[in-house]
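Asker: This is what each chain is made of:
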Amino acid sequence: MIVPTHIYTGTVETWATIITVAATAVAGDVLTAGAMRNIGDLDIIRAKSGLGGAIRAVISSPMFLLGVLSMAASFFSLLFTLSNVELSLAAPASASLTFLGNAFAAKLFLKENVNPRRWMAALFVCAGVFLLSK
Amino acid sequence: MKHTLTPQRYLILLAVMLTASVGDTLLFHGMTQVGPVSMAHLGLLLSALRNPWVITGILCLLGFFASYLTALSWADLTFVLPSTAFGYVVVAFLAKYWQHETITIYRWLGILLIVCGVGFVANGPSLTLHESQHPPEKPAPAAAPTGDHR
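Chains as they are written, first to last, in this note's numbering: chain A, 1 to 134; chain B, 1001 to 1150.
For the record, the hints were derived by calculation from the structure and aren't laboratory data.
Just so we're clear, the structure is a prediction, and the values are computed from it rather than from any experiment.
Incorrect hints may have been included.
[As the list claims (entries may be wrong)] Which bits of chain A does chain B cover? Going by a derived footprint, with three or more residues having C-beta under 8 Å, they are:
#, stretch
1, 27-40
2, 94-106
3, 109-122
Think of the CB as a built atom: it goes at the ideal place given N, C-alpha and C, for glycine as much as any other residue.
Please put together the full structure from these sequences, using the hints given.
Answerer: Here it is, written out as structure tokens:
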């Protein structure tokens, strides 16, 4: 049997890169969400200080900037992954893992009340995203 | 956990769903007009910025980020994320009816699962209130005079 050498599907390297994409995406989402929670309701800030005040409040948050950096890292690790792994595996696998990882991370770090409805939502969305790639 | 959303905030969530999916589709449409970009011809990316579809797509994605951040400022991450996933459903419909792509049975099943997933959280509470954020259950009693009343 001839195994293609340029695609690492099924190997440790494949899943290491996919997990890196998902982990950096989860870090980006959680840091951004945490920053927005600390900043407060943007509707109220915009009503008080205008759109400029709301933008200043967001971009002056170090946690938000760290979140954006994590999102950028996730984007570039996705590009790296796509150069080694088939798109039909890499994109849905990383997206599905990101949804599940976010549910865990939101409970752990943001202390969100992830009730059974939200777990079901994460699982359904995760499976749905995977099926979209078929 | 409490908090249900006002109609205006549901509109923000609708903007999260629509701007991401419409933006991606506009970018895809624009890039098919620009043509394939290789490492040897990265300058093509700059010319892509003159394509009206690409420009509109980028504006839509900026709108997505703004509405996503706004939603995160008054709702939980685990409430907002399924809404962003609903964008995949919108993309599938745009791909079918605008780009005339074929949607397989697996994709329809995927769409059904995502719609169910969004349905699980849509009517539920949007925000976890922690102890420090809870408003007082009853108004504080008036300061009672100290001392013995006998």
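Asker: Hint by hint, say whether it matches the structure.
Answerer: Each hint, compared with the structure:
1. 27-40: Satisfied; 8 residues make the cut.
2. 94-106: holds (count 4)
3. 109-122: holds (count 11)
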